[in-house]
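> One-letter residues, chain by chain:
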Amino acid sequence: MRLASGGRIDRGRPIAFTFNDVPLEGFAGDTLASALLANDLRVVTHSITRGRPRGTFTAGIEEPNALVQVGPEPMLRATQVELVDGLGATGLKGRGRAMVTGDGARFDKRYAHCEVLVVGAGSHGTQAALDAAMRGDRVILMDEQNEMGGRSLSERSATSTASTLASLRSFTEVQLLSRTTAFGLYEQNLMLAAERRPDGQRLWQVRAKRVVLATGAHERPLVFANNDRPGVMLAGAVRTYLNRYAVVPGRRAVIFTNNDSTDRLLADLGAVGIEVAAVIDARAGEVVGDTEGDERGITGVIVGGQRIGCDFLCVSGGFNPTVHLFSQVGGRLRYDERLTGFVPDEGPANVTVVGRAAGDFKISVQPTWLIPSADGDYSNHFIDLERDVTVADLRRAVGTGMRSVEHVKRYTTIGTGSDQGKTAGINEAAIVGTLTGQPVGGVGTTTYRPPYVPVSFSLMAGRNRGDLFDPIRITAIHPWHVAHRARFENVGQWKRPSYFPRGDESMEAAVLRECRAAREGVGVMDVSTLGKIDIQGPDALTLLNRLYTNAFDTLPVGMCRYGLLCRADGMVFDDGVVMHLAQDHYLATTTTGGAAAVLDWFEEWLQTEWTDLRVRCTSVTDHWAAIAVVGPRSRDVIAALFPETAVDTRAFPFLAIREGETRGIPVRLHRITFSGELAYELWTPNWYGLALWELVMEAGKPLDIAPYGTEAMHVLRAEKGYIIVGQETDGTITPQDLGMSWIVSKKKDFVGKRSLRRPDTSRADRRQLVGLLPLDGGERLPEGAQLTLEPRNQPPVEMVGHVTSSYRSAALDRTFALALLKAGRDRIGQTVYAPLQDRIVAATVTEPIFWDRENIRRDS
Amino acid sequence: MLVPCPWCGEREDGEFKYGGAAGIAYPAQPEAASDTEWAGYIFHRPNPKGAFQERWYHSAGCRRWFALTRDTVTHRINP
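Protein chains in written order, with our numbering: chain A, 27 to 886; chain B, 52 to 130.
Each hint should be verified, as a subset may be incorrect.
Unchecked claim - Quick list of in silico lysine-lysine cross-link-like pairs, DSSO-like style, CA-CA up to 27 Å: (1) B:K100 x A:K774; (2) A:K135 x B:K100; (3) A:K521 x A:K727; (4) B:K68 x A:K779; (5) A:K772 x A:K848; (6) B:K68 x B:K100; (7) A:K848 x A:K779; (8) A:K135 x A:K235; (9) A:K521 x B:K100.
What the hints assert, rightly or not - Below, a sample of chain A positions facing chain B; criterion: calculated Cβ distance under 7 Å: (10) N215; (11) E635; (12) T637; (13) H740.
Said to hold, decoys possible - To give an idea of the interface, some chain B residues facing chain A are shown, with a C-beta separation under 10 Å as derived from the structure: (14) C56; (15) K68; (16) A76; (17) R96; (18) P97; (19) T125.
Rather than coming from a laboratory, the hints here were simulated on the basis of the structure. If you're wondering where the values come from, they're calculated on a predicted model, not measured in any experiment. Note that CB positions come from ideal geometry on N, CA and C, so glycine has one too.
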């Protein structure tokens, strides 16, 4: 019922809204909860497991009952939803509905620094902010409500904080943030807070020299039979509705209290002419033992066997200082007998707790934890309203032998609702104590962890979603790929073409065609994404020799050499080509995904171990565009583009580097291959990349040059038995496991070498790289398939390896695979099995090379 | 957590990579090490409760390695 006058609502601005599709009206300044009470709508929802009718129980963030969905946003508290025109809310039975589609809301992030961050804009918080502002500090004051003032807003007149707030507004270095809930306090005073905005939310991450917590206290309910009916409300909440919103939840009240804080409520109800049928005061030995009611809520209370009629019941069981943030950051709590609550004890330096949060308030209270049941039934003595947990549940938990509140919490789910048991926690501790004969202070509280309130994933993500989720890296040639309908895949942050379908060609057909072009004619691939590290200095060679498994002493200027890197544990880490560009000047390529890790690896050794080496490493990945021209006809394309350069294999042999120029574009040519075919890599400064690509396409046109993507590249290199780090390796594979002993120097030391003769790394039955040919050449094994020695798919069966790469090959006209197989090299010629979901595929173990074993094509 | 980079000052820990225990040198003569000694270097690291000498790498900043002492209980750092 709305009172005719009073409150902080704007009666000049009526607001239309709907609740469960029923059109209703409230005023600007209302919350959804106050507007529903003003419309005499007491039942907001039904409880999650028991299905009992429930109404608004509090006036704030601690609300356990009045859960609503507003538009796409689930699990909001009606006590926190500001009434706006057109608002449509529905009551939720303890669970929201996740939205599949976006809700159009905007989520942002703000980072801020200040000397003093104050949480809570009540009388203590505003005063602390003003004191700091007067000292000249940068101050941020945040408060979760739409209006600052804290508890003073629940008084008949809120003047006590109004003047302090007015003073604060005159300081330019003071920022006042209302509607902002501080939900996480972390080390070194990092505060996370959620600001509700008209079009979404903003995440604040504030570093403060000093944090002042003026977070007040939450009122505690009393635990008696049928204490959950609509119309049973916290006494302080009733006062808030009365004075701030000019709303009373009924016409005839009973007050049930164990302390003197309800005296003011009695006065306030009297002032507006609401009848108070009885004040039941536990301090005088009186208790409400039970309530009566119907589907619409409470109709009376039972006191000493006598019924007293009422339509709302105001309860107060004392106050719990709001110590969540203090506790999150490692502050210890102590039970205060005078307040019957936990208060801050020792805490981190630079975190101060003031006001009611610090236990700084006057109260005359008698501990009243559990009102005995008349008939021994405790199944309607509710402690946690959101989770429907009763004293009967606690008795059952304690009956099984549990003593710790943490165990009881997990067994009963008490405190695990979206309200995190803000009205339940201390009653839980006290009743567990009562049932187990422990003092409340000895039982203690469950751990307070962030977040203090539910926080949406959208808020955490902010703008980092969709295209902004992660940086997107594209090559200079990317626009051509897009224009030519390439299908892309993500390789790290890079977009790489995976294949270039012609017409309505399928992926499989396109990849087979692209592979054929590279094997029979000429193909071209954008390989700009390869990591590139420029290495210069008199000790560059020493660095390379110490890190790579193979030696570079014999690599002359103008030549390239494949290199393999191990971690100190001997496991393969990355690979690439090292180019000797000039005296004391090398360039090492890395895998596309490994570029940053390899540079970091080089830097780690240079900075922490070999500080005497005179060498500098620089990432030049983005400096160069790189184009691989691949296939038996590639020489024709290179000859056409570089008429000045001798391209016959004697003048420009495998692994040689040449400098050239085509139509004014400077190009470095490398005769290197990742397909096993005759091939050239053309490098040009990045801004020439697209132009050079177009020249290559033009020169290759008479030969039907085919651009190809990562799919064909994978097939071509696997046919040739070239590994991909991260596909054939997984951090547990040595060079020997890969059959690459040929690249492991026996003469020099390198990082990882000693590990290769550890007993485990030198075992004969390690997993080793092999080839697999399925007996049925049309069957393509799934990558990751487990391998067995017997054709069994029922456990127990020993799994002896797995498929690492598997393709359909145009050159072989059949499928093939690479696999890591236990003692694999000893099993060449044998049959292994891949038990799949619906069948078992048999395959012959082979050498891990299927194409041009003699390297005739590569060197031609 | 704020990590004090000797070059850039205090920065959020997200800018850094953690490098584990400090002061563990690469053995001068790896080939002379027994299997047990080598496994000790490769795999075994101290994990004390309390003061811990450790390495950090300012990977998203100046890209320099440095060492500091952190209390593993309180996260208090002494550069």
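> Does the structure break any of the earlier hints, and which numbers would those be?
When the structure is compared with the hints, numbers 1, 2, 9, 10, 12, 13, 14, 17 and 18 turn out to be violated.
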